[in-house]
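Chains as they are written, first to last, in this note's numbering: chain A, 1 to 451; chain U, 1 to 275; chain X, 1 to 313.
It should be emphasised that the hints constitute simulated quantities derived from the structure, not laboratory data.
Please note that a few of the clues may not be correct.
What the hints assert, rightly or not - Here are the simulated DSS-like cross-link-like pairs (lysine-lysine), alpha carbons at most 30 Å apart as the crow flies: (1) A:K282 to A:K203; (2) X:K163 to A:K268; (3) A:K192 to A:K265; (4) A:K262 to A:K191; (5) A:K265 to X:K163; (6) X:K163 to A:K262; (7) X:K103 to A:K252; (8) X:K163 to A:K429; (9) X:K163 to A:K425; (10) A:K440 to X:K163; (11) A:K192 to A:K282; (12) A:K399 to A:K191; (13) A:K191 to A:K268; (14) A:K65 to A:K86; (15) A:K265 to A:K203; (16) A:K203 to A:K268; (17) A:K268 to A:K252; (18) A:K252 to A:K440; (19) A:K192 to A:K425.
Chain residues, written in single-letter form:
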Amino acid sequence: MRFVPLAAAGLLALSLTACTAGKEAPPSLGAQPGPTTSGTGPAAAALPAATLELWHGFSTDVETKAFEEAVAGFTKKFPQIKVTMKKGIQDDQITQAIRGGKAPDVAASFTTDNVAQWCKSGAFQDLTPVIEQDGIDLSVLPAASRAYTEFEGRRCTMPLLADAYGLYYNKALMKGEQPPKTLSELTELTKKLTVRDADGDIKVAGFIPSFQYYENSPSHLGPMVGARWYNDDGTSAIGADPAWKQLLRWQKDLVDWYGYDKLEKFRKGLGDEWGAEHPFFKGKVAMVLDGEWRNAMIANDSVAKDMDYGTAPLPVADDQPDLYGSGFTAGTVIGVPRGAEHPRQAWELVKHLTTDTESLVTLSNALRNVPTTQAAMEHPDLARDDNFATFLDIFAHPKTSTLPANVNSVFNQDAFSTFLIQWEKGTVKDLDAGLAGVDKRINDKLKLSGG
Amino acid sequence: MTRRRALMWIAQHALAIALALTFLGPVVFVALTALMTDEQALTSRLWPEQWNWANFGEVFARSELLTWTVNTFVYASLATLFMLVSSVPAAYALARFRFRGRKAAFLVVISAMMLPPQVVAVPIYLVWARLDLTDSLWPLILPMLFGDAFSIFLLRQFLLTIPRDYTDAAKVDGCSDVRILFTVILPMARPAIAAVALFSFFYCWNDYYGPLLYAGVDQEGWTLSLGLATFKAFHSVQWNLTMAATLLVTAPVIIVFLFAQRVFIEGVTLTGVKG
Amino acid sequence: MMVSTRVAPPRRWRGEGVRALLWLSPWIIGIAVFFVYPLLSTVYFSFHRYDLFTLEFVGLDNYRYAFSDARVLQSALNTLWLVVFMVPAQVLFALGVAQLLVKLKIGGGILRTIFYLPSLVPMVAGTVAFVYLLNPATGPVNQLLARFGITGPDWFGSAAWAKPSLTLLALWGAGNTIMIFLAALLDVPRHLYEAAAIDGAGSWRQFRSVTLPVISPVLMFSAVTGVIYAVQYFTQAMIASRVASGATDSAGTTFTPGYPDGSLLTLPQHLFHTGFRDWSMGLACVHALLLFAVAMLFTLILLRQFSRAEGTS
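Looking at chain A on its own, in the form it has when it is part of the complex:
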């Protein structure tokens, strides 16, 4: 038995050195000169043939088909490049593949939560050199979209399509009222539109204030009061920003008006967010916060498509009327992971998908997502019915904001949400102390991740 520790020590030394050595990676972006775009020949011909692997999160047939068509536009331009696609991919899988050295050439994500971590760790390659090389003008992107695709000066992803969040209201349930513009109007209307039965159980809710209700995350609601997540050094600003307290007190008042237990009972009996039983489709709630993509879902649902509904920007804090018209935005991001086999060709695909106006317009019309570039927004072919145009306007509003990139974005949102559940339940006695606790969790984690 004596030689066991010995052998183990040997193995340990062996694999530890192996761990830091790293594998030989394919050339990264910017390391090679790009195809000569200045010459007479088309750039397309200068790019060597390759088969690219593209991972994306779309999963329904409609979405997948639309995305495939967008990619087909690229392969038409570059016939020597083939693209194989893998659908329904989540962020976890992308990160795991990159860390395990099995990265695809191009990866797209529905959330912006991991952008900071991807950029900072180098899991996605910095696109800055090739953007400069190809002379792409990033000012055609709105500030928010620029912000959620980069971190600390490293632009490692590009915005593909954007999501904007606003208010949907069911006209039949509104009793002739106009959508609210301030939080107090929202409260008033909610009280007016809510219907209860003899036992006091909720039958129709005016607006569901619970943070656990589908899209009511703090990131989506924060812009209503202009709340701030982070200080400039990445530490938490949640406890110090009075706007959050304003939002939370408003929210808790409304929850208490319903009665927490009654509201929870109602919420838990609601249908699935992604199915035909959605409470908004079923007329169980008059006003909901939702993304622009809900328009497409309503249109595709056999029953809900006949519903008479309207859309509007979210109501805002009474003392900050200039926020009205703005909202939360985030979107699909796409980039070239570290370890991509054909980074140069991969970049061309990313460039095409994110900057080609025609491609963006087609994709936007098919998916009913907001296109990200100025040219695409103004393109005459972009379908802009009233209910959708609301979101185009929210997206373009100068005060529209996003969740700032942070290496621990997922963790931080979870820490906040965990507290919010306690808050709406009423188990938090001291709001300041509770928020300070959230700050501490976020800051401790930040310190652990190396600041």
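Assemble the complex: chain A is given as a structure, and chains U and X must be docked to it using the hints.
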């Protein structure tokens, strides 16, 4: 006295039957739901109004169920085979040879058996990543070539019950260790070997943690457990399909059991008594 | 025969040490590579920040963080809950069912099969099924309860009921333990019961003075293996959280483990998420050492039990 006994008899049987019905309940409801239409599965009615047998076909059409079954089968078979090849000799040595450190070696077996697999997950994952074997099931299969603590433990406990006389007689005849293992020990240890093989196979068949860590992104490399775990996420509102998939994943296990019932019960009993 | 071999160790045993080493060598390599090395390595990484890209020495930072992390405490308490409530519930339930089965005169065979079968249902399948059955709004269990005028609880949807719901699942899958007890009970010599009955012992006294001594090793074995199992409890808790929370992978949302309210977050799960979702490998190694300590504690109890058994046989 007899009247009391009769009452007891009735009470016991009634209780047993009630319990048995409770145990069957989940299966019945799952099966009923699996046969409902999409719409009905969301309602509160419990009996299918329309027997929708097509749900099972739908599961095959919408997922890689066949591929997952094949993967799971390959994983479980290879792992079991490798486990036997490596664990039987080790158990034999631990049960039969006398050497210094024999007791210590057995303690190591028990410790390894008790170690939660997650404790050593990080370094082992790194090794497989270095070897470029993540995104496959090999990190779950190859270690079985080096013995499985639980199987070694069980086999050793069983081999200890074989009287030494048999092997000693063979030794006098000049048989080698290998010959003794094959001609004397293996035939006598057949029930124990069958039991550990079954356990190992079913452990792999049901394993979720291992494939979750290693099987990777590609659905074509997944196992049944992994596929079923995400099935609901992809078909979030279709409980009927999810239940049909659940039944389809369970069916092979039950069928195997019905054919090898005796081996199972003997094996389970073995763990308890020998432990 | 046994006596004679003990008295005179024959010459042919010399060299058994070398042969044993030969026979055991694959296993020894296995222990070195998959047990000893990873343990040492885990200690090494626990002092580092490591995300598979860069390795950086951070001293005790990971430890400091882990011991002030509310989630570590919560997950440790959840794991403890399983050990303290789920394991005894399962063992006692199995013993009760086995007792009942022993007494049955007819139908024992079929009932035995019925009780055993659920333990063969793949863990993932069983868990998915239970989350469906116990769905607060549309699940059959609450539907049935409603017919008797009872409002069923939220089961997997409420922090208070989630672990009890998993315990129900554990009872349903207790077939293995039931069979072990059944075998042990059948081993109790009948005449002992008869003798006790003649002495006027009631059924409880009979159980205490006759049954219990005979089955106590088996009882101990079931309890300790149950505890070890509870310490590594992962799959059912994770699946239940995922399915009950309605997390949809397709929407790209990142799933927060332990739904509802962290009540199903076990220590192994927390470790998994830290290491293989957050890629904080160093911190995950601290969790691993904590889990190791917990497992070791219970292993020692088991080892003591075994050495006692070895001594008597």
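Each hint, compared with the structure:
A distance of roughly 11 Å separates the Cα atoms of A:K282 and A:K203; the hinted pair therefore holds under the 30 Å criterion. Using a Cα cut-off of 30 Å, the hinted pair X:K163 and A:K268 holds, with the two alpha carbons roughly 19 Å apart. Between A:K192 and A:K265 the alpha-carbon distance is near 20 Å, which keeps this suggested pair within the 30 Å criterion. For the given pair, A:K262 sits about 14 Å from A:K191 by alpha-carbon distance, which is consistent with the 30 Å threshold.
A hinted pair counts as satisfied when its Cα atoms are at most 30 Å apart, and A:K265 with X:K163 qualifies at roughly 21 Å. Under the criterion of a C-alpha separation no larger than 30 Å, the hint pairing X:K163 with A:K262 is consistent with the structure, at around 24 Å. Restraint check for X:K103 and A:K252: not satisfied, since their Cα atoms lie roughly 59 Å apart, outside the 30 Å limit. For the given pair, X:K163 sits about 27 Å from A:K429 by alpha-carbon distance, which is consistent with the 30 Å threshold.
About 20 Å separates the Cα atoms of X:K163 and A:K425, which keeps this hinted pair within 30 Å; it holds. A distance of roughly 29 Å separates the Cα atoms of A:K440 and X:K163; the hinted pair therefore holds under the 30 Å criterion. This hinted pair checks out: A:K192 and A:K282 have alpha carbons roughly 19 Å apart, not beyond 30 Å. For the given pair, A:K399 sits about 29 Å from A:K191 by alpha-carbon distance, which is consistent with the 30 Å threshold.
Between A:K191 and A:K268 the alpha-carbon distance is near 20 Å, which keeps this suggested pair within the 30 Å criterion. Proximity of A:K65 to A:K86 is assessed by CA-CA distance (about 12 Å); at most 30 Å being required, the pair is judged to hold. Distance hint between A:K265 and A:K203 is fulfilled; the C-alpha atoms sit about 11 Å from each other, no more than 30 Å. Annotation: proposed proximity of A:K203 to A:K268 holds, straight-line Cα distance about 13 Å (limit 30 Å).
Restraint check for A:K268 and A:K252: satisfied, since their Cα atoms lie roughly 18 Å apart, inside the 30 Å limit. Restraint check for A:K252 and A:K440: the C-alpha separation of about 23 Å stays at or below 30 Å, so the hint holds. At most 30 Å may separate the alpha-carbon atoms for a hinted pair to count; A:K192 and A:K425 meet this at roughly 23 Å.
Of the hints listed earlier, the one the structure fails to meet is number 7.
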